[in-house]
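Enquirer: Those protein sequence lines, which keep their order, are chains X and H. Okay, so the first sequence: first residue is 0 according to numbering that gives the first Met the number 0, each after it adds one. Okay, so the second sequence: first residue is 0 according to numbering that gives the first Met the number 0, each after it adds one.
Take the hints with a grain of salt, since some may be wrong.
Derived Cβ-Cβ restraints for the label pairs, each shown as a range [said to hold, decoys possible]:
| no. | chain 1 | residue 1 | chain 2 | residue 2 | range |
| --- | --- | --- | --- | --- | --- |
| 1 | H | L186 | X | L228 | 47 to 53 Å |
| 2 | X | L24 | H | A253 | 51 to 57 Å |
| 3 | X | G37 | H | F30 | 52 to 58 Å |
| 4 | X | R268 | H | L186 | 50 to 56 Å |
| 5 | X | G111 | H | S41 | 35 to 41 Å |
| 6 | X | R230 | H | L186 | 53 to 59 Å |
| 7 | X | N46 | H | R277 | 26 to 32 Å |
Taking lysine-lysine pairs in the DSSO-like style, the calculated list, with each CA pair at most 27 Å apart, reads [unchecked claim]:
| no. | chain 1 | residue 1 | chain 2 | residue 2 |
| --- | --- | --- | --- | --- |
| 8 | X | K67 | X | K95 |
| 9 | H | K56 | X | K116 |
| 10 | X | K215 | X | K23 |
| 11 | H | K213 | X | K118 |
| 12 | X | K181 | X | K143 |
Hints were generated in silico from the structure; no laboratory data involved. Predicted, not measured: the structure shown is a model, and the values here were computed from it. Where is the CB? At the ideal position from N, CA and C, for every residue including glycine.
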Amino acid sequence: MSTSLAISVQGLTKDFRVGLAGHKLRAVDNLNLEIPRGQVYGLLGPNGCGKSTTLKIILGLVAPTAGKISILGFPSATREARSRTGFLPEAPYFHKFLTGRELVNYYARLSGVEETKLKSAVDAALELTAMTEAGNRTIGTYSKGMLQRIGLAQAIVHEPELVILDEPTAGVDPVGAAAIGKMILEMRAQGRTIVLCSHLLGQVEQVCDRVAIMDKGRLVLEGRVDEVLARRDRQVISASHLTDAACAAAEAALIANGAKDIVITHPRRSLDELFRELVKGSRDA
Amino acid sequence: MPDSMKSSFRRVAWISRITFLEAIRQRFFAFLIVLSAALVISSVSFRFMDFGHGELKFVADFGFGGIFFFGSILALVMTAQMFFAEIENRTALTLLAKPVGRFEFLVGKFAGVWAVLGVFIFTLCTLLGLVLWGRHQELVQIAEASGRVPPDLSVGGIFAYTLLQWLRLGVIAAMVLAVSSVARSFLFAVVVGAMTVLAGQLQWIAQEALLRDKELGVLHQAFLWLITRLIPNLQQFNIGDALTLDVTSVQVGAIGAASLSGGVYIIVLMCIAGLAFRRREI
Numbered sequence: 000m001s002t003s004l005a006i007s008v009q010g011l012t013k014d015f016r017v018g019l020a021g022h023k024l025r026a027v028d029n030l031n032l033e034i035p036r037g038q039v040y041g042l043l044g045p046n047g048c049g050k051s052t053t054l055k056i057i058l059g060l061v062a063p064t065a066g067k068i069s070i071l072g073f074p075s076a077t078r079e080a081r082s083r084t085g086f087l088p089e090a091p092y093f094h095k096f097l098t099g100r101e102l103v104n105y106y107a108r109l110s111g112v113e114e115t116k117l118k119s120a121v122d123a124a125l126e127l128t129a130m131t132e133a134g135n136r137t138i139g140t141y142s143k144g145m146l147q148r149i150g151l152a153q154a155i156v157h158e159p160e161l162v163i164l165d166e167p168t169a170g171v172d173p174v175g176a177a178a179i180g181k182m183i184l185e186m187r188a189q190g191r192t193i194v195l196c197s198h199l200l201g202q203v204e205q206v207c208d209r210v211a212i213m214d215k216g217r218l219v220l221e222g223r224v225d226e227v228l229a230r231r232d233r234q235v236i237s238a239s240h241l242t243d244a245a246c247a248a249a250e251a252a253l254i255a256n257g258a259k260d261i262v263i264t265h266p267r268r269s270l271d272e273l274f275r276e277l278v279k280g281s282r283d284a
Numbered sequence: 000m001p002d003s004m005k006s007s008f009r010r011v012a013w014i015s016r017i018t019f020l021e022a023i024r025q026r027f028f029a030f031l032i033v034l035s036a037a038l039v040i041s042s043v044s045f046r047f048m049d050f051g052h053g054e055l056k057f058v059a060d061f062g063f064g065g066i067f068f069f070g071s072i073l074a075l076v077m078t079a080q081m082f083f084a085e086i087e088n089r090t091a092l093t094l095l096a097k098p099v100g101r102f103e104f105l106v107g108k109f110a111g112v113w114a115v116l117g118v119f120i121f122t123l124c125t126l127l128g129l130v131l132w133g134r135h136q137e138l139v140q141i142a143e144a145s146g147r148v149p150p151d152l153s154v155g156g157i158f159a160y161t162l163l164q165w166l167r168l169g170v171i172a173a174m175v176l177a178v179s180s181v182a183r184s185f186l187f188a189v190v191v192g193a194m195t196v197l198a199g200q201l202q203w204i205a206q207e208a209l210l211r212d213k214e215l216g217v218l219h220q221a222f223l224w225l226i227t228r229l230i231p232n233l234q235q236f237n238i239g240d241a242l243t244l245d246v247t248s249v250q251v252g253a254i255g256a257a258s259l260s261g262g263v264y265i266i267v268l269m270c271i272a273g274l275a276f277r278r279r280e281i
């Protein structure tokens, strides 16, 4: 089935019944989303805003109260949709007695990877997630970052067209988070669609093409990252080797031309960038 | 066989395999199998009591009782634990996000637990069989020396009993899985599961009342009829001593009827579990 959309959500509403009286709690309120194929799509919002519920409904793990969802043109929760989707839940937990390779092999079999392609599919997933060496160790010995990476490997082992990642960098140090960011970009380069749910806004900004922000179950903003972040009423001029005199002259020239609220300062790199620069070469393996 | 069915069987086989590997590693399983084995072996000590021909029956009852009791606990706890481990650890999320049907998931869980119960029951029944056979050999010699009639022991009967007990534990596992599929906590599943097992053990009372008391009112009769149909009679599987020591006392068709009833209950209970689990929010 051909469609330009990886996910289409129309009028999605989800109510939970709470307490003995069965009071209604609306987790998702008339949500409409259209996620194009081949992009990294960020789904953002504070805790309890309905992101995870939305993802679970998309995956068919929770039934919607109302609304229509399709994945790659197939109704969500169908075998056709799920065989084309990979999912990494938040803080994943796997059977500790299995090795990483056995786990990925297990999920590959559940995903219907053909016997003849099984080994190469497992190898490719382990390689992409930089888990080839650690793949022969039992999962009980893995660090949090490695658990996330092996979780990512199980999500992509059947080469899904759509990969849904719920907080893939939660509890992972900046080096591990950057590695996961790199893997996301590699998956996009392979033509996959990635839906990323994360609180690491810096990373979302770096890797996502589009973002949607949810609050109290509703969509409050949606668009291309560069469009939604751009402040059209301000400009930035960056220069090196600028003397104090040149600075003053530039400021005077700007004022003379009607510019207001001028700020001349040194640009800052992010703490994340500084950290990664300082611990360069350190690997979580 | 269609390809879709083959794929489905493969998925079920893999889920059951992982469930089996996880369950067999549980300390609880090791503890119960060691405790039950100790109980069966300790029954040898009864040789020092002069029970005459009744000795083997005492040893058999003691051993079968221990296997029955600990097997029931194992089936009850292990089934609920294997189900809730997937839900509470959220491995069910990754599993059910794959093209795995919910019924396949349940059948895989059931098959994995039932295989572990098979290891338990076959190990202990083999051990009990060896204990009984060893003592039987001695009692035969004693009986021959004293001119008495030697006691009977049927190895085939022990095997038949083992299969029946395995089936009984399968029925319990299916009952607990049906309860777990609607339960919100492990504790609730274990407590309600234990109640249903107890009800199954006492179901024969309703069955006898229905057959015996013809003067009961229509509503009373309908209630008893419903109970005898809804709750499996777990007592029908407890014919170990008869099968082992006096196989002629077992009614023709009793084993077949118990097996058929056990199989039907497992299928029906799994279907109920599947229906309840189908809409469950993970």
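Enquirer: Hint numbers the structure violates, sorted upward?
Expert: The structure conflicts with hints 5, 8, 9 and 11, although it agrees with all the remaining ones.
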